[in-house]
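Student: Residue numbers (the working numbering), protein chains in the order written: chain A, 78 to 445; chain B, 13 to 334.
The reader is advised that the hints may include incorrect statements.
[To be verified] To give an idea of the interface, some chain A residues facing chain B are shown, with a C-beta separation under 7 Å as derived from the structure:
no.	residue
1	Phe256
2	Phe266
3	Asn300
[As the list claims (entries may be wrong)] Chain B regions said to be covered by chain A (calculated; three or more residues, Cβ under 8 Å):
no.	stretch
4	185 to 198
5	243 to 253
6	302 to 308
7	314 to 327
Think of the hints as simulated: they come from the structure by calculation, not from any bench.
Owing to the predicted nature of the structure, the values given are computational and were not obtained by experimental measurement.
Note that CB positions come from ideal geometry on N, CA and C, so glycine has one too.
Residue strings, one per chain:
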Amino acid sequence: MTQYIVRRVIQAIPVLFLISVVSFVLMMQAPGGPAAQFNQNPHISPAQINKWLADWCLVRQPTVMDTVREYLGWLGVWNCTGGSFLSAHGLPNFLPAFLGGGTNGILHGDFGYSIETGQPVLQMILARLPATLILMGTAFVLWATIAILAGVLAAVKRYSFFDQSVTFVSYVFYSLPTFWLGLILIFIFGVTLRWFPVQGIVNVRNTPAPFATSAYWAAFAANPLPYLYDIGAHLVLPVVTLIAVSIAGDSRFVRSAMLDSLHQDYVRTARAKGISERQVIVRHAFRNAMLPILTNLALEIAFLFSGAIVTETVFSWPGMGRLYYDGVNARDYFLLMGILLIGSVLVVVMNLVADIAYAIADPRIRYD
Amino acid sequence: MAIYPDPTALSGGPATTAAGPTPADVAQADADVEVALESLGQWQLAWRRFRKHRMAMVGLGFFVFMVLVAIFGPIIVPYDPLNIPGSTIPGGMPPSLAHPFGTDNDGRDVFAMVVNGARISVAIGGISMLIAGIVGVGVGAIAGYFGGWVDNVLMRVVDTFFAIPLLFVILVAARFFGEGQVTSLILIFGLLSWPIIARLVRASFLSLRESDFVEAARAVGVKDARITFRHILPNAIGPVIVAMTLIMASNIVLEAFVSYLNFGISPDQTSWGNALANAQSALGLGNWWWAFFPGMAIAITVMAINFVGDGLRDALDPRTRL
Numbered sequence: 078m079t080q081y082i083v084r085r086v087i088q089a090i091p092v093l094f095l096i097s098v099v100s101f102v103l104m105m106q107a108p109g110g111p112a113a114q115f116n117q118n119p120h121i122s123p124a125q126i127n128k129w130l131a132d133w134c135l136v137r138q139p140t141v142m143d144t145v146r147e148y149l150g151w152l153g154v155w156n157c158t159g160g161s162f163l164s165a166h167g168l169p170n171f172l173p174a175f176l177g178g179g180t181n182g183i184l185h186g187d188f189g190y191s192i193e194t195g196q197p198v199l200q201m202i203l204a205r206l207p208a209t210l211i212l213m214g215t216a217f218v219l220w221a222t223i224a225i226l227a228g229v230l231a232a233v234k235r236y237s238f239f240d241q242s243v244t245f246v247s248y249v250f251y252s253l254p255t256f257w258l259g260l261i262l263i264f265i266f267g268v269t270l271r272w273f274p275v276q277g278i279v280n281v282r283n284t285p286a287p288f289a290t291s292a293y294w295a296a297f298a299a300n301p302l303p304y305l306y307d308i309g310a311h312l313v314l315p316v317v318t319l320i321a322v323s324i325a326g327d328s329r330f331v332r333s334a335m336l337d338s339l340h341q342d343y344v345r346t347a348r349a350k351g352i353s354e355r356q357v358i359v360r361h362a363f364r365n366a367m368l369p370i371l372t373n374l375a376l377e378i379a380f381l382f383s384g385a386i387v388t389e390t391v392f393s394w395p396g397m398g399r400l401y402y403d404g405v406n407a408r409d410y411f412l413l414m415g416i417l418l419i420g421s422v423l424v425v426v427m428n429l430v431a432d433i434a435y436a437i438a439d440p441r442i443r444y445d
Numbered sequence: 013m014a015i016y017p018d019p020t021a022l023s024g025g026p027a028t029t030a031a032g033p034t035p036a037d038v039a040q041a042d043a044d045v046e047v048a049l050e051s052l053g054q055w056q057l058a059w060r061r062f063r064k065h066r067m068a069m070v071g072l073g074f075f076v077f078m079v080l081v082a083i084f085g086p087i088i089v090p091y092d093p094l095n096i097p098g099s100t101i102p103g104g105m106p107p108s109l110a111h112p113f114g115t116d117n118d119g120r121d122v123f124a125m126v127v128n129g130a131r132i133s134v135a136i137g138g139i140s141m142l143i144a145g146i147v148g149v150g151v152g153a154i155a156g157y158f159g160g161w162v163d164n165v166l167m168r169v170v171d172t173f174f175a176i177p178l179l180f181v182i183l184v185a186a187r188f189f190g191e192g193q194v195t196s197l198i199l200i201f202g203l204l205s206w207p208i209i210a211r212l213v214r215a216s217f218l219s220l221r222e223s224d225f226v227e228a229a230r231a232v233g234v235k236d237a238r239i240t241f242r243h244i245l246p247n248a249i250g251p252v253i254v255a256m257t258l259i260m261a262s263n264i265v266l267e268a269f270v271s272y273l274n275f276g277i278s279p280d281q282t283s284w285g286n287a288l289a290n291a292q293s294a295l296g297l298g299n300w301w302w303a304f305f306p307g308m309a310i311a312i313t314v315m316a317i318n319f320v321g322d323g324l325r326d327a328l329d330p331r332t333r334l
């Protein structure tokens with residue numbers, strides 16, 4: 078088992094490396110490029126631009142070697158200000174700063190500065206994190222509960238009216254474009270019925286400060302109920318949009334996993350022993366069907382992350398997806414690289430956790 | 013290879029039976045059909061199974077209809093989707109006899125936009141699916157065939173594709189490299205959606221490589237290339253075709269989303285996503301028809317493709333028999 082875990086972690090390293098290369102190449106090779114974007118910004122003086130470029134090993138009209146150096150500098154392996162692989166302390170630059178390494182590059186948590194706002198990229202991403210976590214967390218819990226309940230019930234009452242309706246509804250929803258579903262929900266529940274707000278995460282008129290600032294949290298802590306209600310009302314439509322399409326696919330998945338499990342010999346044995354049907358379903362069939370379902374759940378977190386960009390753009394939700402969309406519009410390269418990299422690493426880690434959890438949970442499977 | 017069954021084969025000619033059955037003998041006739049089935053090819057069998065799947069046939073019918081609309085629709089519809097006559101009512105006119113799907117803010121006919129949009133949307137979905145299929149089968153076959161370090165390198169590349177949130181990459185690629193052109197968007201969608209197929213093909217290769225019939229072919233001295241193309245690929249192709257239908261459906265939706273954000277098809281062309289681009293502002297006015305009809309076109313087409321994919325899954329799985 079230990080060997081398996083170690084091997085999976087080692088396998089993840091080249092993937093992480095390729096991800097960083099892809100993120101870098103995608104942004105640096107884009108027409109225009111970061112240097113061109115600097116020149117557009119009237120708030121930055123030429124001296125600042127030159128220091129900026131030097132800090133990130135960026136060269137105007139780079140050769141191939143310059144590009145490699147840019148990449149290594151962005152990664153934090155190359156010391157841009159010193160111009161070598163060694164840090165100012167004479168030790169390898171990629172080491173953590175407290176061990177005598179450098180301070181530049183993503184390996185040292187330095188994702189650069191936003192070209193648009195001049196803020197550190199990491200700080201911008203972290204500021205948007207709460208909104209995305211609230212959206213994804215709520216969506217994930219609801220989605221897992223509904224998909225599992227609907228799937229299990231449909232499998233237990235196979236070919237019943239309920240099963241057929243679940244199948245039909247899943248087919249319809251599975252084919253809907255997520256963003257379009259959002260638009261239709263906005264029209265029905267936001268514009269026509271006026272039940273739910275359709276934009277943002279809080280009602281800015283009723284809050285003392287923008288969401289996720291310290292002033293906001295202070296007011297929130299003093300009297301949380303109206304603030305929770307406010308966020309809850311804003312959550313309804315984005316969450317429904319985010320989960321409707323994936324619930325459709327996953328209730329089908331749960332149903333087939335559950336059907337598989339219901340046809341196993343041990344379920345028949347359990348029934349033959351005279352255990353109540355409820356016990357058979359919950360303790361024998363469902364517990365075994367949980368294995369593939371749990372793996373699927375872990376993998377779907379990555380899917381939710383992608384789905385967040387759709388929902389957040391349609392509903393102007395101030396999360397990472399919206400930040401990314403704004404970044405694409407503004408060609409804010411360092412910001413885009415940062416979000417892309419953090420998102421991908423999140424997916425790799427989730428996959429790793431899912432694989433290892435599966436290996437631990439299912440003793441029948443041997444990996445060697 | 014013909015997908016349509018040879019009618020003479022279906023009628024059950026006495027191919028191998030020694031004693032010719034009398035037509036009146038029902039039981040004998042059944043046995044005769046059984047014998048005739050054996051002589052049907054892989055594709056003929058698949059088509060017979062597919063035809064029994066009612067929803068799949070409905071889906072196929074609708075999809076063919078959409079392709080016909082995409083080809084001939086723009087010739088028949090009297091309005092030009094790019095002609096901007098200026099709206100007589102702010103926010104566009106609701107559906108009427110002259111404009112069955114209403115008009116938008118600029119007075120453009122939404123029905124014309126939906127019909128013309130079918131061309132680009134279906135083309136992007138279809139051609140990017142073919143690119144994904146070719147690249148995916150190629151990469152998967154190379155990885156599965158050579159194994160070893162080639163396999164290792166290619167599969168790490170595939171892993172990378174799976175790890176990067178695809179939508180994020182597509183947005184950047186479409187905005188920075190797409191330049192609003194159909195061909196570049198087709199390439200972007202095609203070249204970003206092949207990894208799932210590569211994974212499927214490689215998995216089939218790994219299992220089929222050890223199978224008895226490949227062993228037998230190798231034993232009689234069949235060349236490796238022939239084993240790959242004649243023995244392994246045809247057996248691996250079922251899941252690939254099903255995955256390709258899913259890729260087509262998802263690429264149509266992705267194109268719509270990217271164009272809706274104004275990162276995709278440029279405004280001087282019409283696609284379903286493009287038609288949705290300004291719809292959100294109109295919703296606030298209560299003008300639902302801009303957003304509704306192009307979106308419905310996407311949803312119904314995608315549903316039709318998904319039904320076809322479902323039918324193909326049943327038809328091409330060699331374990332299911334008639």
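Student: Each hint: holds or not?
Tutor: Hint by hint, here is what the structure shows:
no. : hint       : verdict
1   : Phe256     : holds, 5 Å
2   : Phe266     : violated, 11 Å
3   : Asn300     : violated, 32 Å
4   : 185 to 198 : holds (count 4)
5   : 243 to 253 : violated (count 0)
6   : 302 to 308 : holds (count 3)
7   : 314 to 327 : holds (count 4)
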